[in-house]
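A.B. asks: Protein chains in written order, with my numbering: chain A, 1 to 1010; chain B, 1 to 97; chain C, 1 to 217.
Hints in this document: simulated from the structure, not taken from any laboratory.
Just so you know, these numbers come straight off a predicted model, no measurement behind them.
In this text, a Cβ means the ideal position worked out from N, Cα and C, and glycines have one as well.
Don't take every hint at face value.
Said to hold, decoys possible - Dumping the calculated DSBU-like pairs for lysine-lysine here, alpha-carbon to alpha-carbon at most 35 Å:
hint, chain 1, residue 1, chain 2, residue 2
1, A, Lys364, A, Lys528
2, C, Lys39, A, Lys841
3, A, Lys289, B, Lys38
4, A, Lys582, A, Lys417
5, A, Lys971, B, Lys38
6, A, Lys841, C, Lys122
7, A, Lys495, A, Lys231
8, A, Lys417, A, Lys521
9, A, Lys805, C, Lys55
10, A, Lys788, C, Lys187
11, C, Lys39, A, Lys643
12, A, Lys643, C, Lys216
13, A, Lys635, C, Lys122
14, A, Lys841, A, Lys902
15, C, Lys122, A, Lys707
16, C, Lys53, A, Lys841
17, A, Lys495, C, Lys187
18, C, Lys175, B, Lys80
19, A, Lys22, A, Lys331
20, C, Lys40, A, Lys841
21, A, Lys686, C, Lys167
22, C, Lys216, C, Lys175
23, A, Lys289, B, Lys88
24, B, Lys88, A, Lys902
25, A, Lys643, C, Lys122
26, C, Lys55, A, Lys460
27, A, Lys841, C, Lys167
28, A, Lys218, A, Lys643
To be verified - A short list of chain C residues far from chain A (calculated; beta carbon distances all over 10 Å):
hint, residue
29, Pro42
30, Arg52
31, Lys167
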Amino acid sequence: MTQDLSKQSNRLQEGGRIDRSKPLTFTYNGKQYKGFDGDTLASALLANGVDIIGRSFKYSRPRGIVAAGAEEPNAIMQIGSTEATQIPNVRATQQSLYAGLVASSTNGWPNVEMDLMGLVGKIGGKMMPPGFYYKTFMYPKSMWETYESYIRKAAGLGRAPKENDPDIYDKMNQHCDLLIVGAGPAGLMAALTAARSGARVIIADEQSEFGGSLLSSKEMLNGKPAAEWVKDVVQELSGFDDVLMLPNSQVNGYHDHNFLTIQQHCTDQFADRAPNGQIAQRLHRVRAKWVVLATGAHERPLVYGNNDVPGCMVANAVSTYINRYGVAPGKDLVLMTSNDNAYRAALDWHDAGRNVVAIVDSRKNPQGTFVDAARDRGISIIVGSGVIEAHGSKRVSGVSIAPLNDAGDAVVGPIIKMAADTVATSGGWSPVIHLSCHTGARPVWNDEILGFTPGATYQKQLTAGAINGAFSTAQALSEGVKVASDALSQLGLAKSDVALPETEVVEEGKAMALFHIPHTKPTSKAPKQFVDYQNDVTAAGIELACREGFESIEHVKRYTAMGFGTDQGKLGNINGMAIAAKMLNQTIPQTGTTIFRPNYTPVTFGAIAGRDCGELFDPERYTAMHAWHVEHGAKFEDVGQWKRAWYYPKGNETMQQALDRECLATRKSVGILDASTLGKIDIQGKDAREFLGRVYTNAWAKLPVGKCRYGLMCGEDGMVFDDGVTSCLAENHFLMTTTSGGAARVLSWLEIYHQTEWPELEVYFNSVTDHWSTMTISGPNSRKLLEKLTDYDVSKENMAFMDWKPMTVAGVPARVFRISFTGELSFEINVQANYGLHVWKALFEHGEEFNLTPYGTETMHILRAEKGFIIAGQDTDGSVHPFDLGMSWAVSMQKPFSFIGKRGMQREDCVRENRKQLVGLKTIDPKAVLPEGAQGVLDPKAPVPMPMVGHVTSSYWSANLNRSVAMGFVKGGLNKMGERVFYPLADGRVIEAEICSPVFLDPKGERQNV
Amino acid sequence: MFHIYCPHCCEYREEEEFHAAGQSHIARPLDPDACTDKEWGEYMYFRANPRGIHHELWVHAAGCRKFFNITRNTQTYEIKEVYKVGEKPSVVADEAK
Amino acid sequence: MSDVTVEAMEGKLVTDQLPTGAIVGESPLHHSDLASIAKKGPQQGGVHFHERKLKGLLTLRCAPSAEQLAVIESLLGVALPMQPLTSVTTDAISVRWMSPDEWLIIVAGEQAFEIETQFQEKLTGHYALVNISGGTTILDVSGSHVVDMLKKSTPVDLHASEFPVGKVVSTVFAKSGATICRLADDKFELVVRRSFADYLWLWIQDASREYGLVVKA
Ligand SMILES: [Zn+2]
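Make the full structure from the sequences, and use the hints.
C.D. replies: Take a look at the structure:
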């Protein structure tokens, strides 16, 4: 044990919440170290005396750990022992240590100790003012990509893994009465108050343990160490069924109507890979009746010269490392402060047996409990002064201290130098208001606490504790009770008794408003004074931005990149605003603040995707015959979410060979298509006919029972959006079919008109798409095949084209529709879907003698194109009306009701000459197949850009005709029959075609009428 | 993510169950054939885009499949009321503004 | 049989859609061979799954008058649940509120046609009764972790105070939809569409993995 400890040079012999009996070995930048169970990666690195954890973004200066929580700007790590488990941009301060953890610096290439950019940093320091990238690397523009990849690599923004992440990330929907964000004194007290009243509570905290600030201080509650009180409260909370406690869980986004997202780290604090298929991270999607933000505050560092040298830290972080992790991150401390509270860092340092060189207080006459305690310990306090500069390069070696004027903006006396390896600073505390900003609330400046607090909100949101500037534990505890009580009364729940624990009495003197420590030199000449560590934004840079005319803080922010890092400027933003305000001769509230947006900390893509990946990425919809298609080697095509059989290659057939075979077999004998995906809508009611007449362009009033009719559906603009056959099942009962992809849209279209425009019509619409399996047998032998499976008379005399009949097919009651999308004699057999596969198989049992051939969607497309039948969505694009399609036969302008689309298609633009019209395109070279989408021109020799007359919408090789067939739009095409149109292609070829009727095969329709 | 009260299901549901269907109270002209191109164009294409109170048609797509109206503040995203098709809103924009 | 067509009282078509004899229907999850999984798979776990297959499912659309309500009650043997999101469950029949003018009726598979026939013969006025037995299947999920599995799948609040036994909601389920009815504290009925059944079965297996999934025959 002692040996291990001795290697951890900064580890204290006792104290902290780590378990010294559980040493853990981890690797950082290729070197092995030891830490303890309970450490974060940051505390373990500090324990081992690792000073440099990265290089800075722009100047490549060495950087160390400055904070202990989510606000850490420098210690941004790449975690992962294998390629597949890489996670970029993890804050070492938030990563629990585990055995075998492998981490490396994100910033710094090729290594953090000495890197190439370091050279650039030294010589480029002066050359890299804000806006440097905009000014330098944007020219020539063509080189940007080259610059960018170099800069990204050198600046180190983390990298994504190159292999699939093997872990499981998922999502869970949660509902609660109270979501409490933060489990410090305010949050725990609120949770306890609410839980005892029976409320449904979720309490989440980003840290591995509940307790917040209480875990890193030496405070007493009820006369016992605060951590014991925390333990009791956690234990009581865990006894409530309706309390969900989420440690290791970052509430990352606060969205409208109290919807919040919480990223829970379930296993990645224990292991690189989630053990035993456990969930690695879970995204909770929470709808909360009330939200309590008890998010605490971040201590604000002071801005001074060379304040980024490793060893410069935030005062509270020093206390946290000592009290919570048993690590003193140095030997000789100088504390600079503008307030009493930070004195605790010096007291903790002293009590840990380390040397406090001095407390440098900017105030002339500090007084209070902590000041007295420092004096009692004999710690030297230098009042009315500031640390104007730190010395050292890879670690602080000393400081320059100088007296300041009352305003704290000028050095007014001689410099004294002192040796030290650690500088802790505090300019006060900034409430963590980020979540409150996510829904648009603008923060409000509070002069009393020198910070922004949450602004007015429309959310059911309450705030408690340090977020309100109530920084003392006593205040936090009582505010916790108060907000919970307020929420309970709003929820109509009775409040139960909760006693406030007794706290120690602490008196604190008034803090001084101080952000930027002046130097003897002007800011522009002084050693760099960093405001935003992650983006290397300095006080001089902000001043320059203001001098260059940027007056809005949002512009200053964008010009300097302040707050644009992965830390969103948690530490630096207010200092930056204060510096800008001073330059602009404004107050901070006049300067305004920037608004924080989701997410509070970076979220892994895994957590965002959840289980919607791989085979669960999107639903795949199957027909009842799907298994058969798979078994018979079908290739599939996505049609919406449906998996439709595309074609069925045999042996070594190419796709074209398979299509040729399917096409020929169908026209020669009989083919079969699974058409189950067609949308089907059952329509009933005495006004069903009237309704059909209003939504279709043609007439429905006289369609007899037993008959089918094709219809076009248009929008109010007159443009075709769907089509299909609707059959009259009984006088007041119809079955409408829609395109496979349009089913949901058509049903919604019918509903919106029924519900909002014509509620007086007595009609009901119900989807029966999934209820019926639909198989189409098509070809000259289709009747003979059907006759083998039914006793029903399916002769032409008894069952004419466009008739439907009920009959039994293969022992199953069926509705058979004599409609055709191929131009062949066709029967569309519909059976209840649980019997679909049975009937399908029975057809094949009897189909052998007719060479029954299954065909997929591609052959269907070819066969219908040979007949000039359109496919809505392929030959239409929302900009063509029925007349453009040459389908005036499907429009009845005489109907008494002005059907949907009628007025639209009569607008001036819709009746003009020379609209693009759908025509057949017969290539002069019969072997040439036009590419779909090709643009036609009338004169291929015209100068570029040539006037285009329309594009090819459908084009195929037709094995039946031994030539290509195509349809497309041509301006004024219906009056250009026989004329030529040219299609210049990307490869230089020009395909010439003759404008013709789109019906290439059987123009009289004799084949389907047999 | 809105939390929407469906006036037919009579409870709050998540936004993902609903679809927005545009501005409310755009009645189809009773005699479209009598409309001028301009009038028809107004009906077809012109919609309000107010900063503040707005009336919207929504449908409880994954639930009861009923359309209904929402009065919503487009600035704050507050839903002021929901009401059924055929009913009138009780919260309306201040005409004076 | 198909020649069994009930005379069109209100101008609507009703036909028996089930074959007679030995032809066995195949439910949407037929090819998943749940029976074998039930036998060979794990017998213990936090989520239990069962396809209640080949039931008779009918959608009733109606804004019922008092007279229609009485007729419907006499035909179904139970009154229509008129309160939103409520249901009726007996051994013989289940009725689920779907919408102010829509109910889902669940009976034994062979009884669907009987009910259709009776409605055709006895119920007058404006209504629609649509057989959706082939397009729908029922997934019963239960067990100590069933609520956790459901919380991964649907955004509705399943807490007993908000979702008591008997409550029914139609909602989003994964990237599809389902009508969910609570049958007991730890037992739910999911009515889903045929074409989405495979996807949902895959989803439920995945969401149940950490709790252990038991397939029940
Ligand atoms: Zn609803």
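A.B. asks: For every hint, state whether the structure bears it out.
C.D. replies: Hints versus structure:
1. A/Lys364 <-> A/Lys528: 27 Å, holds
2. C/Lys39 <-> A/Lys841: Given pair C/Lys39, A/Lys841 holds - Cα atoms ~29 Å apart, limit 35 Å.
3. A/Lys289 <-> B/Lys38: 48 Å, violated
4. A/Lys582 <-> A/Lys417: 28 Å, holds
5. A/Lys971 <-> B/Lys38: Measuring from Cα to Cα gives roughly 26 Å; hence the hint holds.
6. A/Lys841 <-> C/Lys122: The given pair, whose Cα atoms are some 39 Å apart, is violated under the 35 Å limit.
7. A/Lys495 <-> A/Lys231: 23 Å, holds
8. A/Lys417 <-> A/Lys521: 16 Å, holds
9. A/Lys805 <-> C/Lys55: 26 Å, holds
10. A/Lys788 <-> C/Lys187: Violated, at roughly 47 Å.
11. C/Lys39 <-> A/Lys643: Cα-Cα ~31 Å, so holds.
12. A/Lys643 <-> C/Lys216: Holds: A/Lys643 and C/Lys216 sit about 29 Å apart, inside 35 Å.
13. A/Lys635 <-> C/Lys122: Measuring from Cα to Cα gives roughly 49 Å; hence the hint is violated.
14. A/Lys841 <-> A/Lys902: 45 Å, violated
15. C/Lys122 <-> A/Lys707: 27 Å, holds
16. C/Lys53 <-> A/Lys841: Measuring from Cα to Cα gives roughly 21 Å; hence the hint holds.
17. A/Lys495 <-> C/Lys187: 33 Å, holds
18. C/Lys175 <-> B/Lys80: 29 Å, holds
19. A/Lys22 <-> A/Lys331: This hinted pair holds, its Cα atoms lying about 26 Å apart.
20. C/Lys40 <-> A/Lys841: Roughly 29 Å between the alpha carbons, so the hint for C/Lys40 and A/Lys841 holds.
21. A/Lys686 <-> C/Lys167: 33 Å, holds
22. C/Lys216 <-> C/Lys175: It holds: about 25 Å lies between the C-alpha atoms, which stays within 35 Å.
23. A/Lys289 <-> B/Lys88: 28 Å, holds
24. B/Lys88 <-> A/Lys902: Judged against 35 Å, a Cα distance of about 30 Å means the pair holds.
25. A/Lys643 <-> C/Lys122: Cα-Cα ~42 Å, so violated.
26. C/Lys55 <-> A/Lys460: 45 Å, violated
27. A/Lys841 <-> C/Lys167: 41 Å, violated
28. A/Lys218 <-> A/Lys643: Roughly 64 Å between the alpha carbons, so the hint for A/Lys218 and A/Lys643 is violated.
29. Pro42: Label holds. Min Cβ-Cβ 14 Å, cutoff 10 Å.
30. Arg52: C/Arg52 is indeed farther than 10 Å from all Cβ atoms of chain A, at 13 Å.
31. Lys167: Since the minimum Cβ distance to chain A is about 14 Å, C/Lys167 lies beyond 10 Å and the statement holds.
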